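Residue numbers (our numbering), protein chains in the order written: chain H, 1362 to 1742; chain V, 1362 to 1742; chain S, 1362 to 1742; chain L, 1362 to 1742.
In case anyone wonders, no lab produced these hints; they're calculated from the structure.
As the structure is a prediction and not an experimental result, all values here were calculated from the model.
One or more hints might be untrue.
No distinction is drawn between identical chains; accordingly, a pair holds when it is met within one copy or between any pair of copies.
Said to hold, decoys possible - Pairs of lysine-lysine, BS3-like flavour, derived with a Cα cap of 27 angstroms:
#: 1; residue 1: 1674; residue 2: 1512
#: 2; residue 1: 1706; residue 2: 1432
#: 3; residue 1: 1656; residue 2: 1433
#: 4; residue 1: 1706; residue 2: 1529
#: 5; residue 1: 1512; residue 2: 1711
#: 6; residue 1: 1441; residue 2: 1529
#: 7; residue 1: 1674; residue 2: 1622
#: 8; residue 1: 1656; residue 2: 1366
There are 4 protein chains.
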Amino acid sequence: MSQNKFTFGLWTVGNPGRDPFGEPVRQPMTPVQIVHLLAEVGAMGVNFHDNDLVPITATPAERDQIVKDFKKALHDTGLKVPMATTNLFTDPAFKDGAFTSNDAKVRAYALQKTMQSMDLGYDLGARIYVMWGGREGVESDATKNPADAMKRMRDAVNFLCEYARDQKYDYTFALEAKPNEPRGDIYLPTTGAMLGFIATLAHPEMVGVNPEVAHEHMAGLNFLHAIAQAWDAGKLFHIDLNDQAFGRYDQDFRFGANSLKQNFFVVKFLEDVGYQGSRHFDAHAYRTEDVEGVKAFARGCMRTYDLMVERAKKWNADPEITQILSDLARSDEPDWAGDTYSPEKGKALKAKTYDRIALGARGLAYERLDQLTIEILMGAR
Amino acid sequence: MSQNKFTFGLWTVGNPGRDPFGEPVRQPMTPVQIVHLLAEVGAMGVNFHDNDLVPITATPAERDQIVKDFKKALHDTGLKVPMATTNLFTDPAFKDGAFTSNDAKVRAYALQKTMQSMDLGYDLGARIYVMWGGREGVESDATKNPADAMKRMRDAVNFLCEYARDQKYDYTFALEAKPNEPRGDIYLPTTGAMLGFIATLAHPEMVGVNPEVAHEHMAGLNFLHAIAQAWDAGKLFHIDLNDQAFGRYDQDFRFGANSLKQNFFVVKFLEDVGYQGSRHFDAHAYRTEDVEGVKAFARGCMRTYDLMVERAKKWNADPEITQILSDLARSDEPDWAGDTYSPEKGKALKAKTYDRIALGARGLAYERLDQLTIEILMGAR
Amino acid sequence: MSQNKFTFGLWTVGNPGRDPFGEPVRQPMTPVQIVHLLAEVGAMGVNFHDNDLVPITATPAERDQIVKDFKKALHDTGLKVPMATTNLFTDPAFKDGAFTSNDAKVRAYALQKTMQSMDLGYDLGARIYVMWGGREGVESDATKNPADAMKRMRDAVNFLCEYARDQKYDYTFALEAKPNEPRGDIYLPTTGAMLGFIATLAHPEMVGVNPEVAHEHMAGLNFLHAIAQAWDAGKLFHIDLNDQAFGRYDQDFRFGANSLKQNFFVVKFLEDVGYQGSRHFDAHAYRTEDVEGVKAFARGCMRTYDLMVERAKKWNADPEITQILSDLARSDEPDWAGDTYSPEKGKALKAKTYDRIALGARGLAYERLDQLTIEILMGAR
Amino acid sequence: MSQNKFTFGLWTVGNPGRDPFGEPVRQPMTPVQIVHLLAEVGAMGVNFHDNDLVPITATPAERDQIVKDFKKALHDTGLKVPMATTNLFTDPAFKDGAFTSNDAKVRAYALQKTMQSMDLGYDLGARIYVMWGGREGVESDATKNPADAMKRMRDAVNFLCEYARDQKYDYTFALEAKPNEPRGDIYLPTTGAMLGFIATLAHPEMVGVNPEVAHEHMAGLNFLHAIAQAWDAGKLFHIDLNDQAFGRYDQDFRFGANSLKQNFFVVKFLEDVGYQGSRHFDAHAYRTEDVEGVKAFARGCMRTYDLMVERAKKWNADPEITQILSDLARSDEPDWAGDTYSPEKGKALKAKTYDRIALGARGLAYERLDQLTIEILMGAR
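Pulled out of the complex, with its shape left as it was, chain H reads as follows:
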């Protein structure tokens, strides 16, 4: 890509490799070290949760020093901070949710923490604010009324939109869905559900989505379709690129490491429609890796993205593909649904005769089209 748009979270290359059954395998890096590592591998920017940068236990003085050091590292490297977000999941206070907790004190604390984190992110340059509610859910539906949860979630997002307006922050918010893990079931589990939820907000124009490959794949859903719906609705405000097998726990693999064809179409879509946001990687290196392996991981994410951009151009220019697509599009039938409806058109359409047998008999050459895609992706054409 001529324009480098690649970003990583502090929590991604900084991930020490702890998992539910194992201790960390890598030494923690400071935010400053991470910024320099990202600069070394060639990233454009870095994003963070409040507590990735400032530990939840930091004193105000510690906080100020950390921020100062981080700003210097950004200045020294030229890295940007396009996006910030809140950690509302690590601390035991959020064990039953943050905005949807049954405990009014927890809900208040979550709001307060987000306001402070919005201040921090804005100060560092972020203009996209992501909300991921990993604890907003239940293990048992005996424990929380889901209609209450919807209301609490909406109230919280509305409140924080008002706070942004009050502070004159020109943030846009991007809601990130995940179906489960860490909670048994998380509310608003898919990008689609988030789009439905946004329509119920007081300021829907301020709020979009942050779809993540791995999160849709957990539910076995087609990620391209999720971002296409978001794009169609004008709501694709951010994106989390990574990879994982359908139906698995949150693997967060290197971009392209599992689902080559699926991610090829994601890249092709983003490039074809002219998506202008960051290509943000929310992934981490295998636990088998040391810091050199972490760099290989980060470079691999970007390299595979770039390779797919190149293959997408080939796909668009391939004469046999172009021919199949133009054959498919050729028609002398008007686009009835695309036109403005009128009673006359309604009557006219009802009066027409269609030969359903002929419509069903036409071969569409989709096997060939898909095989051509495979061959382009494999560099065999």
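Given chain H, put chains V, S and L in place with the hints provided.
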């Protein structure tokens, strides 16, 4: 239940038991026979796709006779037709989709077929019109631009809303999502995605959703959460009750046959919030069954629903449960997010101090609450 | 149950509630405290991984003191230790596997650690030794030859069988499968795969399986069928009871908390066939719980098991069920396959005529049978 | 490939495109037409179920004519029949299973049908006999005792082994697992379970497995691991190549159409170990296709396999990959488990000291290794 609200589709008890690997195991029944069977087992109503009632090959005269006979059966039995829908999936003409087909003629034919089916349904008393786009998808994303698909889908629904207004039909539309099968990936795969899509329509007020247990379970999603979101948005216009294991093909089991606890909470929610729509069963009997088995299947759906209503009442009245819930709700903290935001409140909240350690230390008694639910459900309390 | 056979692992009620996105929510308990808690709630025994009891960093003197204290607690409470196992997953040394690691030193260390753990377990009374290879897998098949992995795994189990024979330990080994998590893909992912693997060992008679509900459910597999295959093969040496939704990460819910009907058939099978092993619960309390919640969790596991035993008796005695089952079994056809084959029988069978239409037409009353099951399970019959 | 080993089933390219929600989209082809189509696209062989070739309703005279015509087509084209199998799932007689049916008459009929089909297959040259028990399962565990099912299944396979011996057929049997669909849950659901089952047979040496990509993917299992276990056990007698997404219904896509990297490792394994059996494709064309699309589908299966063979050679020869692999394998530690055990060796191993911190600190370069794989697969290296 004092008020019988149970409905079945013609295609449910009439299902002959064909599957991808096997031939039909039961003789087909006529619509009139099905109506009488449903009356015998005690249903309130019957729903249909156009071609469940009128074969796609019927002449106008055959159609008129079929409708006449069907109306007589409804009259004789007292059954109602609350809902109708279109079959846009069985005929080979729709092999690549109906509203989203790449072929403009197929899109036109699909619109026309739906208009005719809306006429038929309205004439028979239906006031809910369901749209299920089982062919609106792809096996390969090489074959269709998903942004085009979104636009075509919206155009079609907008067109049909205008047709309903033009005809003075007081229909409400209910969109039914399914993630995959028969297509590899179906667009707008979840109830949440449909809610997001509705927000982009010209007449969103005319359109809601028809969530189905089995379809959300295919994606491993919590069905209660899906209907709660729809209810919260004022969009729960219809419901398809059945059952199936997470992550499976479309099993359409008898209501409650697989997921007792999950469906218990569904019933409790519908009853607690006062849902007024049909309790529609979209399921079918095992292939091992003859017509007596089909009746046992239908009776089982209703019996289990009724048992769950009774258990939901017990749950709501249980003193230990009531105590746990009231302990959870007790708080002296104001509901900050629920109030109207003001700069003063924003400042006040930011100035407060919360003891996150204390918030995290509180035990919530959810294991006991869930165990009490199990015991009530098992009739052991 | 007249005979209390309930056991828990130290790691279950002792689980502090850490997860991939959150810090521990409960204070750690010592093994002695856990033994007393288990005695208080009414368990029969306690099982452990070496490092549940003796930290990996313990000195020999610390180890001796810990074991002494633990033995005293067992003596004071009367609890037994039926099973022990090795932790080959927490330490970073095992990040790429233990028995199947690419590093010969890691493989050697894993063997050594298991030998020491076998000594410890035997000393404390365990006669079942479980092997769970949570790290025996890969994130990428580029990294390990799966045929090598099979060989390494077999060599390790053979070596440890020889060690047990050498030491005159009358252990039986029980292999525990899990399809994924913590590794992307774990070798020998299901109970069935373990049974296949056992057939390739030098001493297959010493080795059986330890199936776990949650692990089979991760792959969407029927757990009853897994244990029935193991039982049929004489290999059901131990069992891990818990619960979780199909296709999810390792939820390890309270027994019966998710899949009532499925677990009912598991209990019914264990009781009907006269399984004599421990009813071991490998589960943990929700993160929302304090120590009282942990006790409620443990009591709930046992209570639900007992309730299911009672319902299984009702099922077996129900006259309508008995009638359906005896109708199904009635036949005048000989059991051709059950008899010894002879050329004459082969010829005779080939010469017979079967009326396949009639065979297919018979209704089997399975909907009624399943509905009766639901009603018995709900205490409604 | 220098040696063409590609085979297709009659039911694959002959699939008319019926699905649970749709009518056939292609005209049926005769077996003779299919043989000629396969010859045209360049296949080596053709496999069949008895009723793919001879309809279940055929008279003996019709049967003889069909077989004669088929033999002529084989002769004219040079195609071979390496494998045959029985259809024990389409006819309603098998709606509750074949070998495991509760009805002794159905079990007898299934045996008889298989004997006849074995005769037919043998006559046409098949030496591998596949058994796929798509109906051997349940929708409800109330309906069949799974221990009975195991016994009935074993009795049937034992009986048929004896029949083969009696007839002097030098068949090997290959058991094909599938976790579900058409039945709710099928017994012996994975390749691993089949390997476990084989160990309980009277003639285990006659019986191996026929793993299928799509069937393991339905359970989200790693197909490479399944075939590696089978190969390790000497039981990889046949293979069904196709593709599909994890956790989906039986999609049976063109080989390589979904999971490029996963299938690359499958091809690499088969070629590296020197698997000599057919490369059999058990897949079918999309429903959007006409007969030209069916040919494109068949050619695509073979083309992608061949491309992967070529990439596997590149992978094996890549200097950077070779270097990483040899670094991983280098060690001065003896292979303790690989050696014969002796008490002295046991003692010696226990006496050694390992530095677990150092073992855990080593970086393994797996991210780089996997990225190199991606680049080779994409033809970018």
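Status of the hints after comparison with the structure:
1. For the identical chains of this complex, residue 1674 and residue 1512 are inter-copy neighbours only, at 24 angstroms across copies versus 45 angstroms inside a copy, given an alpha-carbon limit of 27 angstroms.
2. Taking the shortest Cα distances, residue 1706 and residue 1432 never come within 27 angstroms of each other, neither inside one copy (62 angstroms) nor across copies (31 angstroms).
3. In this assembly of identical chains, residue 1656 and residue 1433 lie within 27 angstroms of each other by CA distance solely inside one copy; the values are 22 angstroms within and 51 angstroms between copies.
4. In this assembly of identical chains, the alpha carbons of residue 1706 and residue 1529 lie at most 27 angstroms apart only when taken from different copies (16 angstroms versus 49 angstroms within one copy).
5. Only between protomers do residue 1512 and residue 1711 lie at most 27 angstroms apart by alpha-carbon distance; the minimum there is 22 angstroms, versus 44 angstroms within a single protomer.
6. Within a single copy, residue 1441 and residue 1529 get their C-alpha atoms as close as 21 angstroms, which meets the 27 angstroms cut-off; across copies the closest is 57 angstroms, which misses it.
7. In this assembly of identical chains, the alpha carbons of residue 1674 and residue 1622 lie at most 27 angstroms apart whether taken from the same copy (15 angstroms) or from different copies (22 angstroms).
8. In this assembly of identical chains, the alpha carbons of residue 1656 and residue 1366 lie at most 27 angstroms apart only when taken from the same copy (18 angstroms versus 42 angstroms across copies).
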